[in-house]
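Residue numbers (this note's numbering), protein chains in the order written: chain A, 1 to 185; chain B, 1001 to 1365; chain C, 2001 to 2385.
Be a bit skeptical, because a hint or two may be false.
[Stated by the list, open to error] Far from chain B, some chain A residues (derived; all Cβ distances over 12 Å):
| no. | residue |
| --- | --- |
| 1 | Cys68 |
| 2 | Gly107 |
| 3 | Glu125 |
| 4 | Ala133 |
| 5 | Asp137 |
[To be verified] List of simulated lysine to aspartate or glutamate pairs, EDC-like, C-alpha gap at most 20 Å:
| no. | chain 1 | residue 1 | chain 2 | residue 2 |
| --- | --- | --- | --- | --- |
| 6 | C | Lys2135 | B | Asp1006 |
| 7 | C | Lys2372 | B | Asp1242 |
| 8 | B | Lys1269 | C | Glu2066 |
| 9 | C | Lys2135 | B | Asp1029 |
| 10 | B | Lys1160 | A | Asp52 |
| 11 | A | Lys91 | A | Asp52 |
| 12 | B | Lys1320 | A | Asp111 |
| 13 | B | Lys1160 | A | Glu38 |
[To be verified] Derived Cβ-Cβ restraints for the label pairs, each shown as a range:
| no. | chain 1 | residue 1 | chain 2 | residue 2 | range |
| --- | --- | --- | --- | --- | --- |
| 14 | A | Arg102 | B | Arg1323 | 53 to 61 Å |
| 15 | B | Asn1139 | C | Leu2053 | 54 to 62 Å |
| 16 | B | Val1025 | C | Asp2074 | 24 to 32 Å |
| 17 | C | Leu2053 | B | Asp1166 | 36 to 44 Å |
| 18 | C | Ile2364 | B | Trp1027 | 35 to 43 Å |
No lab work stands behind these hints, which were simulated from the structure alone. These numbers were taken from a predicted model, which means no experiment stands behind them. We treat Cβ as the ideally placed atom computed from N, Cα and C, and that holds for glycine.
Residue-level listing of the chains:
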Amino acid sequence: MIGGIIGFVGGLAVTLKSAWREPVTAEYPESEKRLNLEDRYMGFPALTWDGDVGEPYCTGCMVCVRECPTQCMSAEMKDNPLYPLKSRRRKIIDSFEINLARCILCGICVDVCSFDAIEMSHEHELSKYERNANRADLPSLISMGRDYQKKIGWNPRNPEKNNGLPQVEEGGLDSGAGEAVEVEE
Amino acid sequence: MDGSIDLMINMGPQHPSTHGVFRLVIWVDGERIIKSEPHIGYLHRGSEKICESEHYAQIVTLFDRMDYVGNLNSELAFCLATEKIMDVDVPERAEYIRVILCELNRIASHMLFYGVYGLDAGAMTPILYAFREREKIQNLFESITGARMMHNYIRIGGIKEDLPGDFQKRIVEVLDHLKRGIEECDALISKNEMFLARTKGVGSISGSDAIDFGVTGPALRASGVAEDIRVTDSYSIYDRFDFNIPVGTYGDCWDRFYVRVEEMRESIKIIEQAVRSLPEGDISASVRRIVRPPKGEVFVRTESPRGDLAVFLVSDGTDKPYRVKVRAPSFANLQALEQMLQGAYLADAVLILGSIDLIMGEVDR
Amino acid sequence: MTLSEVFIILAKAVILMLSVSFVVLLLTYAERKALARIQQRMGPTRVGFRGILQPVADALKLITKEDILPTWADKGIYWLAPIAVFVPAFLMWVTIPVAQQVVVENLDLGLLYIVAISVLSVLGLVMAGWGSANKWAVMGGLRAAGQLISYEIPFIMAILGVVMLAQSLDLTEVVTQQNSVPFALVQPLGLFIFLTSALAELGRTPFDIHHAESEVVGGPFVEYSGAHWSIFFLAEYMNTFTIAVLTVLLFLGGWSWPIMPFDGFLHTTLSAIWLLLKTSAVIWLIFWIRGTYPRLRIDQLMAFGWKMLVPLSFLNILMTAVVLFYSIPLWVLTCLSGIFLVAAVYIIRFSASSSMERETIRLISAKELRSKVGIPPLETGGKPE
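Could you build all of it, start to finish, from the sequences and the hints given here?
Structure (structure tokens):
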């Protein structure tokens, strides 16, 4: 009230009042102290993993590469070795690289992907020890994607279209499901 | 003064209070400014030219980075222009969500202004209080759009995705917090005698001069001209809301400062009305992913936190625009700087520059 | 003077140097934590328990940093300036007592000495400004010269009021005089003048004009780095501590108020505790002000100094003189002083807005504006053919 009468005392009252409050800031690198990310947080794009088949969702169709505003991605496809017995996908991603230092986290690649193959993960740390360490290759993109899938319990938006299981009788194929088969090299 | 020579000083591009990379060459006689000369272009990224080689959907991300404090407002300007040229009707719900987010963004932007202005005046605490409030808005944005600043959320024909389930609860919390925060920020510095002495009567510009210079937004309203695109040339659904337009008297630094503080209060009123009448329904018109607007040109004005943000768009019928011209409010407001600096003190230069609320990303584009 | 006496004085000086440096390290930590609390931050948390070792880490970092000499700098002046600032700050401590006997050298004219020494640091700032060959630094140095010299007058006059009450220039004697009632209660106006002009002497908010970061980018210190910059820093905080202790000694009763029943060692201990408590309170006030206020402009600062503080300080002396000469009871002085203090605050309150009214913003409702302005919507471009 006195602040209304004398302005420079009012300011002192405001600062004194907030000196008794708890800090609103958090300490950063420790995971137990820092602030939580929202579910929708858009970190780096990452490739999702089809656990039913054991391969990434991505078929290397390049639509994200074409639509990226900063041209930060490159991809190559190959014939899928698991097709047709274990997987429905004829083509599969062979190599994929995203220059995370160049990515602007706009989420356009996620919007344009028709295979649910790319998602904005919650990764956001850009500090690296090497100049080129922010060029994420396929294994690291997939591991980012798998972490993300595990963290938020991800499900494909369009499961019946993008499910990788071959559309034959299910019994004979279960043996291969769920195994992590490294796709490249 | 006989025998004395004017001292030329480079203020910027690395001066701490030029709000980005802005260079102001001033000639001073003691502490008085004789002449000043703004130099811009240090943050020129060629955004307008890049627009010509990008798809319409990609350009939204460029607009995010033009006014990097009022991101959603600049996204809106481009999307409105594209929708106008394509003659798309945006669903009601999307319009309401746009208005809510844009007004929140306006508060966030004015909060940043408030804090930085305190810093310019030499007070250290306002910026931290302002960021405390602004963080609440940023967190809400993060839960809605997925990003704290570069949202890419407002899309051509609507918005990216619907509001999250707990939105109603959170917006009420944020608004309550903001109301208290704004009053606290106001009490901290607005009535302080030293602050009043620093800003009252400093850098005055008359209404007619301001209009001649092309000043818009809060800086123009501070000079006593009641001009707000949201009302006088209404876009989106702003004509449905009831709010006040704060108008100053002298056009000095204090008026420009306090018009923005009042605007924050008014924005809260708009948000409350919009949240109350938020309809259900679609969030986006059916627009193709690769937009190919018909041939033609269109001009759209919006009220960004800094003023009249207008987009002039020429389409040649392809998936990329022929020309995108942005009428950036900061750029136009900057023109009045020389006039305002006439006869001011060196210490005032910082405050006058701050009171225009420059965003160099928008000035240089 | 024998060799042993010289040795004792040297030892005292070294102990003083070390303890004052230690206090300065503590002060930097305290300031960061205090400002952090005011601003709802955490402040330093990493080095040591709750960041208590942060000043040590800072000092190590500053010492190991490169000392940069600008190409056009005036070398001698540039390197001498930090010393010219530091030495007076340190010399002040020679005669400041922290307890009855705990003082390096108690001078009979102690206050005169302090006043004389304190003004010397201006020289260092001007030297730093000139030697850096930087326009901002020159401006900062000149601002410092103008500001410090003009605020020296009310500063000295406020001290003079106390001297008249105590009838002595000896600080120990000044404190002893206050064992019944501290001079702050006798001369509230004097305390106000002293604190205000002391803040200006220190160059602290709201008078941090000569090293204002948002205006002159750090003023005289802008080109300094590493150890030389840290000496400026040391001097600044040492001065802050000095001023806080002086305030306590001159106005808040030093160690002898409110209670001092002991003798000998216990006396010294309790003295230190009293002094420490009171000094912390004054320092907290300084930090609190720093966390709240914006800074003044140079002309307003000068106007405030010459048109407000100098007349008020003369008035203070005049009142004290009249009261003492006619042996009027001291409570009359208290009342007079208090009245003028309130009047001063009143003048400050209304001088800022005397030429203009406070509320210049009016609200126009959107409804009204919509009906009033008939600006037709712009017809540009339009629908494609």
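(message) Check the structure against each numbered hint from earlier and tell me which ones fail, lowest number first.
(response) Failing hints, ascending: 1, 2, 8, 10, 14 and 15.
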